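With the hints as your guide, set chain F onto chain W.
Chains as they are written, first to last, in our numbering: chain W, 1378 to 1490; chain F, 63 to 173.
Treat each hint with caution, since some may be false.
[Claimed, not checked] Computed cross-link-like contacts, EDC-like style, restricted to lysine to aspartate or glutamate with a CA-CA straight-line distance of at most 16 Å:
1) F:LYS132 to F:GLU116
2) F:LYS160 to W:ASP1434
3) W:LYS1392 to W:GLU1478
4) F:LYS132 to F:GLU77
5) F:LYS160 to W:ASP1463
6) F:LYS160 to W:GLU1427
7) F:LYS132 to F:ASP154
8) F:LYS160 to W:GLU1478
9) F:LYS160 to W:ASP1433
10) W:LYS1392 to W:GLU1460
11) F:LYS121 to F:ASP145
12) W:LYS1388 to W:GLU1460
13) F:LYS168 to F:GLU103
Derived by calculation from the structure, the hints in this document are not laboratory data.
Quantities reported herein were computed from a predicted structural model and do not represent experimental measurements.
So the chains spell out like this:
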Amino acid sequence: EAGVVQSPRYKIIEKKQPVAFWCNPISGHNTLYWYRQNLGQGPELLIRYENEEAVDDSQLPKDRFSAERLKGVDSTLKIQPAELGDSAVYLCASRRTGTYEQYFGPGTRLTVT
Amino acid sequence: TQLLEQSPQFLSIQEGENLTVYCNSSSVFSSLQWYRQEPGEGPVLLVTVVTGGEVKKLKRLTFQFGDARKDSSLHITAAQPGDTGLYLCAGDSGGYQKVTFGTGTKLQVIP
Chain W
1378 EAGVVQSPRY
1388 KIIEKKQPVA
1398 FWCNPISGHN
1408 TLYWYRQNLG
1418 QGPELLIRYE
1428 NEEAVDDSQL
1438 PKDRFSAERL
1448 KGVDSTLKIQ
1458 PAELGDSAVY
1468 LCASRRTGTY
1478 EQYFGPGTRL
1488 TVT
Chain F
63 TQLLEQSPQF
73 LSIQEGENLT
83 VYCNSSSVFS
93 SLQWYRQEPG
103 EGPVLLVTVV
113 TGGEVKKLKR
123 LTFQFGDARK
133 DSSLHITAAQ
143 PGDTGLYLCA
153 GDSGGYQKVT
163 FGTGTKLQVI
173 P
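With the rest of the complex left out, here is chain W (with noise of 0.2 Å):
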C-alpha cells in the first residue's frame, strides 16, 4: 500500500510570494489533516477534511492560508503572500473513518527569505 506522498518536499520563496503544497493521501482514507510543525516542537493543526468538507479550520490563518480537497481524495494548501514566520514543515496526514491512527507524509519543508 502506497503511503501519504506530499510534493513538493522542499520549496524557497520570497517573502510575499504565493505558494502551494500538494498531498495525495492513502486510498481509502477519508480524513485528511494538515499540519504546521516547527523545528523540535509537535505539529500543529491547521485543517481537518472529512472527504470534501473541511469540518476543523478553526487553526487556519484565512487570511492568507487556504486548502481545498474537491474530489474527497488529493488536497492542496496554499499561502498568499508568505510571511517570514511561515517558515516550517507542513506535514499532511490521512486516516481510515473508524480507526485512531494517522499516518504522514515526508512534509515539505518551506522557508520564506
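For chain F alone, kept in the frame of chain W given last:
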C-alpha cells in the same frame, strides 16, 4: 485548548541505558498515540493505547496509559542509536475528532 506536555524536552544518553518519557495533560483522552519522527521525515506511528491503565510492549519499548486517561509514559530499555529521534504523543479527544500533539521529546542515543 487541550495541552499535552512532554518531559523531558531533550534527552541525551549512552547506548544501553534506560529512559522514560512522560506525556501529561489535564484533559481526558479517548485514545493516545505515540510517534517517532526522524529528521526530514513525517512522524511514524508506534502504538495506540485506548484503555485506562493499558500497557503495551513493542520490543524494547513499553507504553502505558494512565488510569484516568490523562497521561502516558514511554519506557525504552537498553537504548540503541537507532532509537534516536523526536518522540511525540498525541491525544484524541473522542469521536475520532480533534487530535492534539505533545510538545515533543528529542532523544539522542550516543554509541
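Each hint tested on the structure:
1. Of the supplied pair hints, the one linking F:LYS132 and F:GLU116 holds, its CA atoms being roughly 12 Å apart against a limit of 16 Å.
2. Of the supplied pair hints, the one linking F:LYS160 and W:ASP1434 holds, its CA atoms being roughly 11 Å apart against a limit of 16 Å.
3. Taken as a hint, the W:LYS1392 and W:GLU1478 pair is broken in the structure, with Cα atoms around 35 Å apart against an allowance of 16 Å.
4. For the given pair, F:LYS132 sits about 31 Å from F:GLU77 by alpha-carbon distance, which is inconsistent with the 16 Å threshold.
5. Simply put, F:LYS160 and W:ASP1463 have alpha-carbon atoms about 23 Å apart, too far for the 16 Å limit, and the pair is violated.
6. Distance restraint check for F:LYS160 and W:GLU1427: the Cα-Cα separation of roughly 12 Å lies within the 16 Å cut-off, and the hinted pair is therefore satisfied.
7. For the hint linking F:LYS132 to F:ASP154, the alpha-carbon distance of about 11 Å falls within 16 Å, and the restraint holds.
8. Between F:LYS160 and W:GLU1478 the CA atoms are separated by roughly 12 Å; this keeps the pair inside 16 Å, and the hint holds.
9. Using a Cα cut-off of 16 Å, the hinted pair F:LYS160 and W:ASP1433 holds, with the two alpha carbons roughly 8 Å apart.
10. For the suggested pair W:LYS1392 and W:GLU1460, the alpha carbons sit about 5 Å apart, so the restraint of at most 16 Å is met.
11. Our distance criterion of 16 Å between C-alpha atoms is met by F:LYS121 and F:ASP145, whose separation comes to about 12 Å.
12. For the hint pairing W:LYS1388 with W:GLU1460, the CA-to-CA distance comes to about 14 Å; that is within 16 Å, so the pair holds.
13. Restraint check for F:LYS168 and F:GLU103: the C-alpha separation of about 14 Å stays at or below 16 Å, so the hint holds.
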